[in-house]
Amino acid sequence: MQNHFPLWKNLLVLIVFGIGIIYSLPNLYGDDPSVQVSSTQSAKIAQEQANQIKSEIEASGVTVKAFEFNDGRILARFSNTDDQLKVDDLLRDKMGSNYTVALNLAPTTPPWLRALGANAMYLGLDLRGGVHFLLEVDMDAAARQAEDRYNDDLRLALRGANMRYQSVTKNNGFIKITLKSAADKPALLTLLDKDFRTLDITEPEAQDQVWLKVSEKEVREIKKFAVSQNMTTLRNRVNELGVAEPVIQQQGDNRIMVQLPGVQDTTRAKEILGTTATLEYRLVDTEHDVRQAVEGHVPVNSRLYYERNGNPILLDRRVIVTGDQIVDASSGQDEDGRPSVNISLNGVGAAKMAKTTQVSVGKPMAVVFIEYKVDTRMVNGQKVRHKEKVEKVINVATIQGVFSKRFQTTGLDSPQEARNLSLLLRAGALAAPVDIVEERTVGPSLGQDNIDKGMLSFVVGFALVVLFMAVYYKLFGMIANFALAFNVVIVVAILSMLQATLTLPGIAGIILTVGMSVDANVLIFERIKEELRNGNTPQSAIFIGYEKAFATILDSHFTNLVVAVVLFAFGTGSVKGFAVTLIIGILSSMFTAITGTRMVINWVYGNRRVEKLSI
Amino acid sequence: MKTTNINFIGNRNIALIFSGVLMILSIGSLAVRGLQMGIDFTGGTLIEVGYQKAADLTVLRNTLDAEGFGDATVQNFGTAKDVLIRLKLHEGLSSADLSSKVLEAINKTTAEPASVRRVEFVGPQVGDDLAEDGFLALLYSTVGILGYIAWRFEWKFSTGAVIATVHDVVVTLGLFSVLGLEFDLTVLAAVLALIGYSLNDTIVIYDRIRENFRLMRNKTTEEIMNISVNVTLSRTIMTSLTVILVLASLFFLGGEVIHNFSIVLLFGVFFGTYSSIFIASPMALLLGISAEDLMIPVKEGAEIDRTP
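Chains as they are written, first to last, in the working numbering: chain X, 54 to 668; chain B, 870 to 1177.
Hints are computed from structural coordinates only; laboratory data are not their basis.
The model shown is predicted, which means the values in this text are computed figures rather than measured ones.
Glycine included, every Cβ here is placed at the ideal spot set by N, Cα and C.
Take these hints with a grain of salt, some might be off.
Simulated restraints, written as ranges between beta carbons of each label pair [stated by the list, open to error]:
{"hint": "1", "chain 1": "X", "residue 1": "G114", "chain 2": "B", "residue 2": "A980", "range": "49 to 59 Å"}
{"hint": "2", "chain 1": "X", "residue 1": "D389", "chain 2": "B", "residue 2": "A980", "range": "22 to 32 Å"}
{"hint": "3", "chain 1": "B", "residue 1": "Q944", "chain 2": "X", "residue 2": "D201", "range": "43 to 53 Å"}
Result set (DSS-like, lysine-lysine): computed pairs, CA atoms no more than 25 Å apart in a straight line [stated by the list, open to error]:
{"hint": "4", "chain 1": "X", "residue 1": "K416", "chain 2": "X", "residue 2": "K405"}
{"hint": "5", "chain 1": "X", "residue 1": "K266", "chain 2": "X", "residue 2": "K247"}
{"hint": "6", "chain 1": "X", "residue 1": "K266", "chain 2": "X", "residue 2": "K276"}
{"hint": "7", "chain 1": "X", "residue 1": "K442", "chain 2": "B", "residue 2": "K970"}
{"hint": "8", "chain 1": "X", "residue 1": "K107", "chain 2": "X", "residue 2": "K118"}
{"hint": "9", "chain 1": "X", "residue 1": "K266", "chain 2": "X", "residue 2": "K238"}
{"hint": "10", "chain 1": "X", "residue 1": "K506", "chain 2": "B", "residue 2": "K950"}
{"hint": "11", "chain 1": "X", "residue 1": "K323", "chain 2": "B", "residue 2": "K1088"}
{"hint": "12", "chain 1": "X", "residue 1": "K62", "chain 2": "X", "residue 2": "K107"}
{"hint": "13", "chain 1": "X", "residue 1": "K405", "chain 2": "X", "residue 2": "K445"}
{"hint": "14", "chain 1": "X", "residue 1": "K582", "chain 2": "B", "residue 2": "K1088"}
{"hint": "15", "chain 1": "X", "residue 1": "K147", "chain 2": "X", "residue 2": "K223"}
{"hint": "16", "chain 1": "X", "residue 1": "K323", "chain 2": "B", "residue 2": "K977"}
{"hint": "17", "chain 1": "X", "residue 1": "K247", "chain 2": "X", "residue 2": "K233"}
{"hint": "18", "chain 1": "B", "residue 1": "K922", "chain 2": "X", "residue 2": "K506"}
{"hint": "19", "chain 1": "X", "residue 1": "K233", "chain 2": "X", "residue 2": "K277"}
{"hint": "20", "chain 1": "X", "residue 1": "K323", "chain 2": "B", "residue 2": "K970"}
{"hint": "21", "chain 1": "X", "residue 1": "K223", "chain 2": "X", "residue 2": "K277"}
Isolated chain B, as found in the complex:
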């Protein structure tokens, strides 16, 4: 790939407006529709059963209704033979043996006994703890990154990187909210992995901007940013493509359990790539980054000499 010369930074307003609209839509959807939280966070019971033949969901629903599990949601999971039953925390019934009661109930009406593929029960306290831990993980990783980049680079860069990352997370969550996909523990893990990935991309570009600030004394900040984004563009696209390749394989072949996990990362890689090109650097520019902010070459030079 030849080095491109696209005026990314000059057209930053288009990207910023586009992202601004995306953010507003995402936050709006998160506020109105919210996220469909999985039982990991809300507590409740989830039962996955398999049948030899396609299962009749209406019959299952009616049975559960008649047996007093009116709040159960019944849906296919992956194939027509697999059924996922979700129950909220139940009033007046011990939650620990809810699952066996449900199984008993559905086996009454179906010709063929259901084979249990998995049962998950999360108590309310554990759900709260997991949600709290998840929130703390998001918070601490953001703070950790803010600190690390501020230390390695400069606070304007670090703020720009965090804004770009928050953008990726919010937009991905927004998409999750719009599509009504379930948000569980593995999805949270994927969101954190996406933070790592998105930053990775941003750092590579920042690194080049820093290098070019020191090399090209007679160019404006905007020009230097443009050059840096352009020379790293082929790398940015290449890496995103390899990651998308493995994620696509995980999405199509990895099975239903890992589906939402791969969706988050697929969205995330897409937005992460976009934001490191279109958001991270313009943000640092808006915050007033200049060559003087990064002029500490003595120590840096010594470090580079020691590398292999």
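Just chain X, same shape as in the assembly:
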């Protein structure tokens, strides 16, 4: 029997259609501007606290559209962005640093759809506004830092093993150990074999020397670790910034992509993400003369620093406590109202601090603020990566008594600096400096503009094609139009299921799909017309038309697909979004334009005598 679909085929098309409608539906519901509050500590927000926040918001005169408290997270929805911003300000002041207050766009998908796992597409930054950063991790610095660490560890180990050495120096990527006596060399090699297996050993001519190099494998590990450590730190910092749905992803070997939807203050975001700020505590060297040090005679166990006002100061080479031993930091004010940072140390740091302060009461101690700043400059037409380690003594104070775990540091310029420093200390240091190599910011007005324009051109383009097809191919054209709508539904449904990010080029891809996906139908219909002209009966013209067109469609669509896949493989960001919609569109258009239209045509013309086709 010609032009009749078995039941399973009809059901398949209808089921796919049904699923497509369900999963594309969430995109028709809009978003509510909302404020999201969550705890940064392990303790979640309690019910009473949530109730209190709710009544506080209501007391401020803002109407809350909905107040949701779920799994220790508060989501307050509002009917406009003014209310949202007002409450955001209010809560930010109220909640303090233990909570994250973030602006969000909460989808209004009804619960029954959410229960089915149907969610709206995620809007890209070009549609919702926000900022995109690409950060490059300075791998050389990571390797150099590791070398420094090994250098220090080696000295410690040699001292621990009572092995007397002349020097441990870094030279051209090698760490060179010169022993006091060549007789100690076998013992040194044993020690290295036991504790420093990650170092490659070279034995030079000079019998009292051993040259060490960090092994290739270890360098790779160090670099890998630097990236993953940086990602963790960046995630912490972003959480501190209060961004609702940040995206932090590794890209390539040494780049990290950070997307912060809704963030407008890019200067602050850049400051927080890019700086490697930390603190160090050192004793002041009071025994030597600073003036001599400035002239170039720095004592062996000391280092020369400068205070904020430019005064030179000599500090002990050994560090008491470094930034990574800080477990918590919060900003505040000291008794005199100066901005300060309250520091809490971990066990190791606390013990070291106690030990030092016990023997040093009455001596001055300095706080060194260290900041790595990296930027790319053009010098004589050459791109030069400029790295700067800014070390400043921000505070020198006499140790009044023994302290260990908790204490306060002052000497910061402004409350803003105190806040930023405490945030950075809390979030942890970056394992290696990062450099912003790409930045894209989209303002919220442009985002909405892009959505509106994208939608308008989609609707108009769709309507034009529908009209054109209906006029030219009559009933068959109408059926093709049904398939076209079906195709759009499926593309949107699949994109939603994948939770793909919709971008402006993505919308353009969908629009382009609309124009191209009727191609399969044009091919089929032209073939049917041709078969009719060749004297075939309407029924067999339909049958042969579909059959002959199929091979052509397969070949022509497949070439298109090859190109789209290449585009996906090499595209970045929004171009990838374009490629994804193109790929899905090509595949689903083959289903809708061939099987979908055939089903309807079979319903209309199948199983009966037909004199004339409306084509």
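Here the structure of chain X is known, so what remains is to put chain B in place on it, guided by the hints.
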């Protein structure tokens, strides 16, 4: 539409000369004028700001000049209220906070503070990477297609299709160069999409030529090509028209950001359609395609039987 009987292949020399001239002009313009590369590939900073009233570009230019941003280009973007400021990678100034410095500068002289619509900064390394990826994408898609068509059809066809596609890309880029339009990432994506489209068109005609080679044993290659181009002509025009309809809607309503993207595709669809009719088949003919090249009917026949 009745089946036409236009002697496309017989008059191929006219088309080949026309295309040859177009290609020479395009390559000439690309060599002399080059493409105006966007910051995606060159690196640099781009700032789009909006004002309530029409912006005075001269004032903005003078301000930027006075503040040491003499190399900034300032132009309207879409409407008189929107302004696009472009800066090259800056000597001696950290590129990451260039944008905030520029904004500070222009807000000094204008009565109304500019509202930032978008800021894009691309570092030199990223620009190089994007350019390299873009070039590789073009290369790999060309090689992939060459292979696929050679496998599905025959190498003469595949070479013809690639020549036609290269023609479309070169002429489109040439037009971009002549008109001085900016070439950025989305434009590159459009160029790749255009490759797909142009091939799609070509394949449909090739497919019919292959079919007719097997059906019409007593006709010359030239006749078969002519018949094939003519019977598929209405389809070629119909599909191009629907695509042009959506592209026109994207061009007129899609906004400034997507403008160049739609221009590439509009050019591309036009040339793609032209080249699949006038270039692809004559090229295969010039390469000496004949019926014998495509006589492997046993396997093909089996495949067709299985289709619905």
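Here is how each hint holds up against the structure:
no.	hint	result
1	X/G114 <-> B/A980: 49 to 59 Å	violated, 33 Å
2	X/D389 <-> B/A980: 22 to 32 Å	violated, 43 Å
3	B/Q944 <-> X/D201: 43 to 53 Å	holds, 50 Å
4	X/K416 <-> X/K405	holds, 16 Å
5	X/K266 <-> X/K247	holds, 16 Å
6	X/K266 <-> X/K276	holds, 16 Å
7	X/K442 <-> B/K970	holds, 23 Å
8	X/K107 <-> X/K118	holds, 12 Å
9	X/K266 <-> X/K238	holds, 17 Å
10	X/K506 <-> B/K950	holds, 17 Å
11	X/K323 <-> B/K1088	violated, 71 Å
12	X/K62 <-> X/K107	violated, 54 Å
13	X/K405 <-> X/K445	holds, 22 Å
14	X/K582 <-> B/K1088	holds, 24 Å
15	X/K147 <-> X/K223	violated, 51 Å
16	X/K323 <-> B/K977	holds, 23 Å
17	X/K247 <-> X/K233	holds, 21 Å
18	B/K922 <-> X/K506	holds, 21 Å
19	X/K233 <-> X/K277	violated, 37 Å
20	X/K323 <-> B/K970	holds, 14 Å
21	X/K223 <-> X/K277	holds, 23 Å
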